[in-house]
Amino acid sequence: MKKSFIIVLLGVLIGFIGFTSCEDFLEADNNSAITADEMFSTQEGYENLVNQAYFSLRSIYNDPAIYCAGTDLYVGIRAAGDQTLEGYTLTSDNGTVKELYIDLYAVINAANAVLYYADKSEAFAEKALRQEEARFIRAYAYYVLSQQFGRVPIIKDYINTAENYYPRTTLEETYQFIIDELVELSNSTLLSEVDKTGRASKQAAKALLAKAYLAAGWDLETSLSDARTGTFSINSTSYFDLAAATAKQVANAVPLTLPFEDKWSPDNEQNDEVIFAIQWDRATSLDQNKGGYSHQNDFGTYLGATATLGMKFVNSNLNPTTKTYYLYNADDARYNGTFMTTIYNYIKVENDGNWGKQGYWAYYNAAEEAKATMGIAFHYPAWYVSDQEIADYQTANTSQFVSDGMQNISQIIRTSAPIRWIKYKKDGTLDTDETDLDYNQALARVGAIPPIKKFDDPRTTVTATTGDGSYRDFVALNISDIYLVAAEAYLMAGNEGEALNYLNQVRARAGASQLVSFASYQRYDPNEEAYVSADQNIDVILDERARELLGEYHRWMDLRRTRQLVKYNEKWNVNFVYSNIVGGDGNIKWLRPIPADEVGLNTGISSSDQNPGYTADTAE
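Using numbering that gives the first Met the number 0, read the sequence shown as starting at 0 and increasing by one per residue.
Just so you know, the hints here were simulated from the structure itself, not pulled from any lab data.
Fair warning: this is a prediction, and the values are worked out from it, not measured in the lab.
Watch out, some of these pointers could steer you wrong.
Unchecked claim - Heads up, simulated PhoX-like pairs for lysine-lysine below, C-alpha to C-alpha not over 25 Å straight-line:
1) Lys347 to Lys424
2) Lys422 to Lys347
3) Lys247 to Lys347
4) Lys289 to Lys356
5) Lys195 to Lys247
6) Lys247 to Lys356
7) Lys247 to Lys155
8) Lys425 to Lys356
9) Lys289 to Lys347
10) Lys370 to Lys356
11) Lys289 to Lys370
12) Lys155 to Lys119
13) Lys370 to Lys425
14) Lys195 to Lys119
15) Lys422 to Lys356
16) Lys247 to Lys289
17) Lys347 to Lys370
Unchecked claim - Distance ranges between label pairs, derived from CB positions:
18) Asn163 to Asn350: 51 to 57 Å
19) Ala395 to Ser578: 48 to 54 Å
20) Ala304 to Thr428: 22 to 28 Å
From the three backbone atoms N, C-alpha and C, an ideal C-beta is built for every residue, glycine too.
Using the sequences plus the hints, can you model the full thing?
As C-alpha cells, then:
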C-alpha cells in the first residue's frame with residue numbers, strides 16, 4: 000500500500016511514542032501510555048514538542064543529491080550518485096523527491112503541533128516565544144518547498160484527522176505566506192536578536208526573509224528569454240529592492256573578520272558568522288558510530304578502506320567538476336580552506352591505536368611538529384601550481400614520500416584538466432608520472448581529487464566506515480551567504496555599485512582580488528583553455544557563491560532561481576542531455592515533480608496540478 004502525504008503526516012506526531020533526539024536541548028521522548036493532550040499540557044511536555052519540531056529539520060538534509068546533483072559543480076562517478084537527478088530523467092515516482100516532500104511537510108506538521116497545543120498547555124513564561132520559534136521552523140520548511148516544488152499546499156493547522164483535501168496555492172500566495180510570517184518574526188519582541196544554540200532568532204528570520212524576497216523577485220518579477228543561454232528580462236524590482244534592504248541590514252551587523260578556514264573549524268562551530276544551525280551532539284547519541292549524519296562523506300572520490308588505510312570515508316556521490324577546482328586562483332584562500340589538500344599516511348597498529356592521530360584525521364588531531372615529519376599519502380596542488388613548484392615541494396619534503404611500513408603509497412595529484420598524477424615507490428623514489436589523464440576518467444580512481452573538508456568531524460570513530468559518523472552542526476544560514484544575497488539583490492535592482500561592494504567584501508576576506516566592475520571579471524575555463532569573461536553579470540555572482548558556499552546544499556536551488564539551470568548543466572554536467580530535462584509535455588523541468596502519491600491521494604490536487612515537465616507521467 001502506498002504511503003500518502005496525509006498518512007505520513009499523521010504518523011509524525013500523533014501519540015509521540017519513542018521520539019529520541021541527540022542534543023542537550025532537543026529531546027522529545029515519551030515512553031508512557033499517556034495521551035498527547037495529557038503529555039503536552041505541561042511545560043515539560045510542551046518543551047519536548049518544540050524540541051521535536053527542531054529535531055525534525057534534520058530529515059530534510061539527509062540526502063545532498065536533491066540540493067547538489069544535476070548542477071555545474073558536482074558529478075557522480077563509479078555508478079555512485081543519483082543518476083536520475085544528475086541526468087534529469089526523474090519522474091513523479093522518484094523516491095528522493097518523494098522523501099524530501101514528505102519530510103518537509105513532517106517539519107510543518109511538527110511546527111503546527113506546537114501552535115495547536117499552545118492553548119492546551121499550562122501557562123509558562125516562554126510559551127509565546129516557543130510559538131514564534133515554531134513559526135520560524137514552519138516558514139523555513141515552506142521556503143525550501145517553494146524552491147524545490149514551486150507552489151504548494153499551505154497548511155497552517157496541525158493535522159490530526161483523516162482530512163485529505165489540501166489544494167496547491169498560487170506561487171504568489173506561497174511567497175506571501177512565507178514573507179508575512181518572516182516580517183512579523185523579524186520584528187519580534189520575544190525572539191533573541193541572535194542565537195548560537197540552534198534556536199530561531201530575529202537575525203535568522205531576517206536572513207531567511209532576505210532569501211525569500213530574492214527568490215520571489217526571480218520567480219514573480221523576471222521572465223525567461225532562452226533557457227539554453229540563461230537569458231532573462233527583469234519586469235519589476237520591488238522584491239529585489241526589499242531583498243537588498245533586508246540582506247544589507249543583516250550583513251552590516253556581522254563583518255567578515257574570520258579567516259575562511261577558521262569559519263569552518265570544528266573547534267569554532269558557534270562563531271559569529273553562523274546564523275542558524277541544525278544541532279547534533281555526539282555525547283547524547285544512542286549510537287556514536289552511526290547516529291550522526293554524512294555531510295563530511297559526500298563530496299569527493301573514495302579514498303580507500305577507512306579502517307585499514309586511516310582514511311575518511313568518502314562515497315564518490317558528489318565529486319567536484321573541473322569547473323569547481325578552476326574557480327579558485329592562487330590568491331584565494333578558499334581553495335585550501337575548502338579542500339583537504341594534504342592527507343597524511345597511516346601506520347596500522349593493534350587496536351587501531353593510531354586512528355585519528357595519523358592518516359586523514361592527523362590534519363586536525365596531530366601536533367604540527369608531528370605532521371612536519373609524518374608520511375604523506377596524498378598531496379593535491381591546485382591547477383595553477385606549476386610543474387617546477389611541484390618538484391620543489393617534493394624536494395623539500397623528500398622524507399615524507401617514503402612509505403615503507405605504511406598503509407598507503409605516496410602520491411601527488413594536481414587538480415587540473417588533464418590531471419597530473421605522480422606516484423612514488425615505497426622508498427620515496429619516483430614510480431610513475433602521468434601528465435595527461437582525462438579528468439572525468441581519472442575520477443574512477445581511488446583518491447583522485449581532494450575531498451571537501453569544511454564539514455569534517457575530527458572525532459569520527461574508526462568504526463564509522465560508511466557515513467553518519469559526523470556530529471558537526473549543520474549550518475543552514477550563514478552570514479557570507481547573506482552578503483551574496485545582498486550582492487545579487489542589488490544587481491537585480493540595478494545598483495551594480497552596491498552589488499560589487501558586497502561581492503568584494505566576500506572576496507576580500509578570502510584574499511581574492513577586488514573587482515572594479517562586473518565586466519572586469521575573468522576566470523580560467525579549462526574547456527576553452529583561456530581566461531574568459533562572464534556571459535552575464537549574474538554569472539559573476541554564481542561563481543562567487545560556488546567558491547564561498549561549496550558543499551552547502553545551495554547549488555541546485557541557486558541555478559533554478561537564477562534561470563541558469565539548463566545553461567550550466569549543458570556546459571559542465573557530463574551526465575546531462577538536454578532532451579531529458581524537457582518533459583513529455585514539452586516543458587522544461589525547472590522544479591521537482593509533485594510526488595505521484597500526493598497527486599493520487601490528496602483530493603485537493605489532480606494530475607493537471609503537476610509541475611511542468613512531469614504532467615505526461617502523472618495519472619489521476
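Would you mind confirming whether the straight-line C-alpha gap from Lys247 to Lys356 stays at or under 25 Å? This hinted pair is violated, its Cα atoms lying about 43 Å apart.
Is Lys247 within 25 Å of Lys289, Cα to Cα? Roughly 40 Å separates the two Cα atoms, so the pair is violated.
Need the status of pair Lys347, Lys370: alpha-carbon distance at most 25 Å? With Cα atoms ~17 Å apart, Lys347 and Lys370 stay inside 25 Å; holds.
Could you say whether the range 22 to 28 Å given as a hint is met by the Cβ separation of Ala304 and Thr428? Once the Cβ atoms are compared, 26 Å apart, the range 22 to 28 Å for Thr428 and Ala304 holds.
Given the hinted pair Lys155 and Lys119, is their alpha-carbon gap at most 25 Å? Judged against 25 Å, a Cα distance of about 17 Å means the pair holds.
Mind checking the alpha carbons of Lys370 and Lys425 for me, to see if they're no more than 25 Å apart? 19 Å, holds
Given pair status - Lys247, Lys195, alpha carbons within 25 Å: Satisfied, since the Cα-Cα distance of roughly 21 Å is no more than 25 Å.
So if I understand the rule, the pair passes when the alpha-carbon distance is 25 Å or less; does Lys289 with Lys370 pass? Measuring from Cα to Cα gives roughly 29 Å; hence the hint is violated.
Do the alpha carbons of Lys247 and Lys347 lie within 25 Å of each other, as the hint requires? Outside the cut-off at roughly 52 Å; violated.
25 Å limit on alpha-carbon distance, applied to hinted pair Lys247 and Lys155: 30 Å, violated
Supplied distance hint 48 to 54 Å, evaluated on CB atoms of Ala395 and Ser578: Given range 48 to 54 Å: holds, Cβ gap about 52 Å.
What's the verdict on Lys370 and Lys356, does the C-alpha distance respect the 25 Å limit or exceed it? 10 Å, holds
The structure is inconsistent with the numbered hints 3, 6, 7, 11, 14 and 16, although it conforms to all the rest.
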